[in-house]
Amino acid sequence: MTFTKTFVASAALSLAAGATFADGHMANEMTIVSWGGAYSASQLNAYHTPYAAKTGVTILNDDSSSTAVARLRAMNEANNITWDVVDVEAGPAMQLCDEGLAMVIDPDTMLAPAPDGTSAADDFGDMLVSECFIPQIVYSTTFGYRTDLVGSTAPTSVCDVFDTVAYPGKRSLFSVPINTMEWALLCDGVAKADIYDVLETPEGQDQALAKLDTIKDDVIWVSSGADTPQLLADGEVVMGATYNGRLFALIEEQKQPVAMIWDGQVMDLDGWIIPTGLSPERQARALDYIMFATDTQRLADQAKWISYGPARASSAPLVGKHADLGIDMGPHMPTAPENLERAFLMNYSFWADYRDDLDAKFQTWLAK
Amino acid sequence: MTVSTKTDQILSADGMPLKKSLGRALRHQKRRALMLVAPLLIFIFVAFIMPIVSMLFRSVENDIVVNTLPQTVMALQSWNAETEELPDEDVYAAFAADIKLAAETKTHTKVGLRLNYEQAGIASLFKKTARKVKKWDIESDGPFKEKFIGVHKNWGKIEIWRTLKVHSSRYTSGYFLNAIDMRKTAGGPKAQPEDKQILLLLFQRTIIMSLVITGSCILLGYPVAWLLANVPLRKANLLLILVLLPFWTSLLVRTSAWKVMLQQQGVINDLLVQLGMVSDGARLVMINNQTGTIVAMTHILLPFMILPMYSVMQTIPPTYLRAAKSLGATDWTAFWRVYFPQSVPGIGAGSILVFILAIGYYITPEIVGGTKGVFISNRIAYSILKSLNWGLGAALATILLVAVLILYWAYDKMVGIDNVKLGG
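Residue numbers (this note's numbering), protein chains in the order written: chain A, 78 to 445; chain B, 160 to 583.
Simulated from the structure, these hints should not be mistaken for lab results. On a predicted model such as this, the values are computed, not experimentally measured, just so you know. Any given hint could turn out to be false.
As the list claims (entries may be wrong) - SDA-like, lysine to any residue: derived pairs with alpha carbons at most 25 Å apart: (1) LYS531(B) / ILE292(A); (2) LYS316(B) / PHE427(A); (3) LYS545(B) / VAL227(A); (4) LYS287(B) / ASP183(A); (5) LYS418(B) / VAL253(A); (6) LYS332(A) / MET420(B); (7) LYS418(B) / PRO245(A); (8) LYS294(B) / ASP183(A); (9) LYS445(A) / ASP434(A); (10) LYS545(B) / THR441(A); (11) LYS265(B) / SER356(A); (12) LYS293(A) / ALA441(B); (13) LYS355(B) / ILE558(B); (14) LYS355(B) / PRO279(A); (15) LYS418(B) / PRO279(A); (16) LYS355(B) / ASP340(B); (17) LYS288(A) / LYS355(B); (18) LYS293(B) / GLY177(A); (19) LYS343(B) / MET233(B); (20) LYS343(B) / MET214(B); (21) LYS269(B) / ASN122(A); (22) LYS269(A) / LYS294(B); (23) LYS445(A) / VAL371(B).
Unchecked claim - Okay, the calculated beta carbon distance ranges per label pair: (24) SER332(B) / LYS332(A): 34 to 40 Å; (25) ASP140(A) / LEU370(B): 55 to 61 Å; (26) LYS306(B) / PRO279(A): 28 to 34 Å.
The C-beta atom is built at its ideal place from N, Cα and C for all residues, glycine as well.
With the hints as extra help, turn the sequences into a complete structure.
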């Protein structure tokens, strides 16, 4: 009993004292949850392996990010949190934060400043969309097309997706309202800045669906990021939406006759959260990992293995060449200047409010 | 002479009446048997039944609103939600006190998320409001009505207060109403707007497609089972391995293989085009629709139909057929009047198995079903995993469970459950 008390007291003390004293009381094992596949591999190379080498910690990987929100809620109700650090997108991170399932992060004390001394809060800037969320990468959902199936003039605009006369054939879209409805409004003449105001109104929602009606018969609706690359490779579709990293792999690694549109790319963030309710020594370990894995160099390193842009401003100049292919990764980042100017920023708080409502409408529309 | 009074009873060796003694021994045995199965029963109860019941219970549970905003709910009781007048100052004051307290314990976002399922926009409204209310002094800063409307114009809208009042009870029928495309309103249950009515359609589609899948499993499985039961044992074992082979490959691999087969640039279409049966411009659409779901699921569930049929057919003596024929029956009559009736218990068992598995299928329709071939389970998965609306997910799951039980009961009434055999 006394042992436990001293232990808890000293752990609390070390937490209060900050990371400098925490070292002696950190767990030796941690479970990191991510998406699996090439993405987890890039994290393994850029973060896990150097961190394990530095600290001797055993890192267990769990590829459960796609169901992380529901499972964290269940774990929290069962009072048995088995995850230490969880990789989620910004939207779900906000949801976890609102439900009290993710701990609040203070960027000044818990995240590393940039090498030139800029504070983490300024270095991440607008990317810190939720107080619980530590951004890692910027990814985007954008279109790829088959260079051999689109005729002589290649598509250059996201609105070419809606042009079935110039570009006949099937196109693939995610069967969710997010991104799809924004593109529909954008291509129906709504200004970028007004899209979410329009989408808030029932008339605006009908307008988006009416625009989608014009291509409904030409769309293959997909549910996962792996679908569109496969459909493009098989020649099932002439163009389709997926994550830019998937298209990069299809074009540069698998050498398929596919090119990217980039126009109208919708940028989203992916990053870490730390669950609430961890024991002090596990929490200290998770925080120590986060401090290490989200510093300027580490974020830039990840881009060697996958074409997602680092979320820190100070990491961008450090992005180098792909580890295996040797190509310059800079132009393949969604955050590269020429890609960025055609980008579209997702409005998280809009989707937090309207996702359920619009999803019901969207699915009803799809089923018709 | 007192001994002879109970001559009508047979006594056991220790002088007890035999009936009582036997009964005791039997009870003892029963207790021992029960103790033997007790670990399993307790395990099933704790690890299976309790979690399911607690999950299903969420379909009516709704205490988060009244627990987080107790004073507001109390104050709203005197407000008539069907009038066109906003609640008065008491309600706003009570709400200010509640939301300030909730903001301090960070529970305001949870209640916001809960009510957002009923009316889009409430989640961010609660967040914005709580940020402001945190700075207010509840004792001296009133009146609050104007202040709230100043924070956000929606606090001056009746709809918000109606939603709050309607969904404030500790237990609610709201989730079940949502599950059947209706919603709870101040004036009683009403139909959802037409552009949001999807769930009943999905229920209907799930049932119809499961029936079609069961039917095609019977048609395809019956001859296979018959063959298995009637070829020599060594060949039958080989065939049985072929039937079981799909069980040993991953479900995802099998489903994806169907994609390769059925898609427009896929194996079957290529073959048909090469044979000249289909023109290149008119390749068949066989996937990402109902056909895809039916084909892939029939294939996946086929072993569940064949195995019970096979084990029943194995027990039908071939002599019966020979006897029928020797008595002058044609092949068809012998089959239809003698063999088939005896194989019905196998069909029954296989059908129940396949139908119940099909009705809850989720991953295969998700992959090959496109938008017209998805089931209600896909919606349950969305509610549980994505939107975190566990109440709606639980309500949908409960309805599905009850539907299966009703069908099971109907089957028992029509065919008789004693008629179902999995073997022997």
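Given the hint that LYS288(A) pairs with LYS355(B), test it: the Cα-Cα distance must not exceed 25 Å.
Distance ~18 Å between LYS288(A) and LYS355(B) Cα, so the pair holds.
Restraint status (C-alpha distance of LYS445(A) to VAL371(B) at most 25 Å):
Distance of about 21 Å is within 25 Å: holds.
For the pair we were handed, LYS287(B) and ASP183(A), check the Cα-Cα distance against 25 Å.
holds (21 Å)
Kindly confirm whether 55 to 61 Å is satisfied by the beta carbon distance between ASP140(A) and LEU370(B).
violated (36 Å)
Hey, LYS418(B) versus PRO245(A), does the alpha-carbon distance stay inside 25 Å?
Roughly 23 Å separates the two Cα atoms, so the pair holds.
Quick one: are SER332(B) and LYS332(A) within 34 to 40 Å, going by C-beta?
Violated, since SER332(B) and LYS332(A) (Cβ atoms, about 58 Å apart) do not stay within the stated range.
Need the status of pair LYS316(B), PHE427(A): alpha-carbon distance at most 25 Å?
holds (20 Å)
Checking one constraint from the list: CA of LYS545(B) to CA of VAL227(A), max 25 Å. Satisfied?
violated (36 Å)
Are LYS545(B) and THR441(A) close enough, with their CA atoms no more than 25 Å apart?
holds (17 Å)
Do the alpha carbons of LYS293(A) and ALA441(B) lie within 25 Å of each other, as the hint requires?
holds (18 Å)
Taking only the CA atoms, is the gap from LYS269(B) to ASN122(A) under or equal to 25 Å?
violated (37 Å)
Taken at face value, is the distance from the CA of LYS294(B) to the CA of LYS269(A) at most 25 Å?
The given pair, whose Cα atoms are some 35 Å apart, is violated under the 25 Å limit.
Hints 3, 15, 21, 22, 24, 25 from the list above are not met by this structure, while the remaining hints are.
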